[in-house]
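Whole structure, please, built from the sequences with the hints as guidance.
Here the protein sequences come in this chain order: W and V.
If you use the working numbering, the first sequence corresponds to residues 1 to 131, in order.
If you use the working numbering, the second sequence corresponds to residues 1 to 143, in order.
The hints are simulated quantities; they were obtained by calculation from the structure and are not laboratory data.
Warning: the hint list may mix true and false statements.
When the alpha-carbon atoms are kept at most 16 Å apart in a straight line, the in silico EDC-like pairs for lysine to aspartate or glutamate are as follows [as the list claims (entries may be wrong)]:
(1) W:K65 - W:E116
(2) V:K125 - W:E93
(3) V:K30 - W:E93
Just some of the chain V residues that point at chain W, by a computed CB distance under 10 Å [stated by the list, open to error]:
(4) N37
(5) L39
(6) D65
(7) P68
(8) G70
(9) A72
(10) F73
(11) A91
(12) V99
(13) V100
(14) V103
(15) T111
(16) R122
(17) V126
(18) I140
FRET-style restraints, in silico, Cβ to Cβ [what the hints assert, rightly or not]:
(19) W:V89 - V:S35: 37 to 47 Å
(20) V:L50 - W:L91: 39 to 49 Å
(21) W:A108 - V:F54: 31 to 41 Å
(22) W:S43 - V:M128: 38 to 48 Å
Cβ coordinates follow ideal geometry from the N, Cα and C atoms, glycine included.
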Amino acid sequence: MKLGTNRISARSMVIWVTIGFVVLVPFMCRMTTLAGLSAGAISAGLIAGMVNGLGNWAIFASLEKGAKASVAIPLTALYPLCTVILATVFLRERPSSLQWLGIALALAGGAMLSYEPPAAPALEERPQCAQ
Amino acid sequence: MQTEPRRFPVWLWYALLCVFWWGLWGFFSKIGSVSANPLQLQILFTFGMLPVAFGMLLQMRGRLDRNPGGAAFGILSGFFTGLGALGYFAALRQQDASVVTPVTGLFPLLTVVLAFIVLRERLNKVQMGGIVLALASIVILSI
Numbered sequence: 001m002k003l004g005t006n007r008i009s010a011r012s013m014v015i016w017v018t019i020g021f022v023v024l025v026p027f028m029c030r031m032t033t034l035a036g037l038s039a040g041a042i043s044a045g046l047i048a049g050m051v052n053g054l055g056n057w058a059i060f061a062s063l064e065k066g067a068k069a070s071v072a073i074p075l076t077a078l079y080p081l082c083t084v085i086l087a088t089v090f091l092r093e094r095p096s097s098l099q100w101l102g103i104a105l106a107l108a109g110g111a112m113l114s115y116e117p118p119a120a121p122a123l124e125e126r127p128q129c130a131q
Numbered sequence: 001m002q003t004e005p006r007r008f009p010v011w012l013w014y015a016l017l018c019v020f021w022w023g024l025w026g027f028f029s030k031i032g033s034v035s036a037n038p039l040q041l042q043i044l045f046t047f048g049m050l051p052v053a054f055g056m057l058l059q060m061r062g063r064l065d066r067n068p069g070g071a072a073f074g075i076l077s078g079f080f081t082g083l084g085a086l087g088y089f090a091a092l093r094q095q096d097a098s099v100v101t102p103v104t105g106l107f108p109l110l111t112v113v114l115a116f117i118v119l120r121e122r123l124n125k126v127q128m129g130g131i132v133l134a135l136a137s138i139v140i141l142s143i
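Now the structure itself:
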């Protein structure tokens with residue numbers, strides 16, 4: 001991803017990555033079929049794909065804007081935190097004690113990953129006295 | 001001496017936006033998985049990504065970046081992510097999800113190692129601690 005966004009725009013990356021996914025569709029269609037699926041399941045799957053595509057764009061944009069891959073990838077891998085919250089609110093699932101621990105660790109880990117020391121800002125952000 | 005207020009980095013906004021979108025992906029996947037198997041879902045995900053890609057192409061007025069390296073890394077990224085998902089489903093046939101999912105959730109560890117070696121990225125101690133906590137939470141949340 002980072003190697004890609006070093007060369008092309010985030011939006012172009014979304015398109016090329018989607019092509020990479022599409023290449024696998026014929027192989028997957030040999031192993032299964034969509035016949036018999038309910039309209040609800042198909043809709044949920046298609047919406048999931050759309051928001052996945054938007055998430056792809058956001059991670060590429062983050063890398064394009066200077067995020068380190070070693071920070072942005074572990075940070076965005078914390079997305080199950082958001083899923084747990086949505087499932088709690090809309091599906092009325094109740095997180096277990098272990099999941100609460102996971103949520104706490106995710107929040108702490110996310111905050112620590114986002115930490116950039118003030119001494120190392122980008123060149124244009126440095127105060128004038130540092131020139 | 002005047003000190004400038006610390007700005008919230010732009011990349012972090014996008015990263016958090018990504019967490020939101022992928023969180024929604026997990027949510028809708030959960031709903032879809034009630035009646036669709038993981039492979040069927042993967043096909044639907046791919047079809048669902050097409051309108052987003054088409055929208056991006058329209059926004060760019062058809063001017064797709066055709067840098068060979070960038071395009072190749074993009075296609076490989078999509079191909080291997082899809083392949084990784086297929087590997088995950090294959091592993092699920094051999095082992096319980098409670099074992100497979102936490103293990104595959106550790107993929108950021110490989111990214112960190114590759115970024116250290118290939119991209120020569122260096123993290124501060126707080127960020128390294130963050131990676132440890134993040135990996136622990138990924139394992140716990142995927143059990």
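Results for each hint:
no.	hint	in the structure
1	W:K65 - W:E116	holds (15 Å)
2	V:K125 - W:E93	violated (36 Å)
3	V:K30 - W:E93	holds (12 Å)
4	N37	holds (7 Å)
5	L39	holds (4 Å)
6	D65	holds (4 Å)
7	P68	holds (9 Å)
8	G70	holds (3 Å)
9	A72	holds (8 Å)
10	F73	holds (4 Å)
11	A91	violated (15 Å)
12	V99	violated (15 Å)
13	V100	violated (15 Å)
14	V103	violated (13 Å)
15	T111	holds (4 Å)
16	R122	holds (9 Å)
17	V126	holds (4 Å)
18	I140	holds (3 Å)
19	W:V89 - V:S35: 37 to 47 Å	violated (22 Å)
20	V:L50 - W:L91: 39 to 49 Å	violated (27 Å)
21	W:A108 - V:F54: 31 to 41 Å	holds (39 Å)
22	W:S43 - V:M128: 38 to 48 Å	holds (42 Å)
Checked against the numbered hints listed earlier, the structure breaks hints 2, 11, 12, 13, 14, 19 and 20; every other hint is satisfied.
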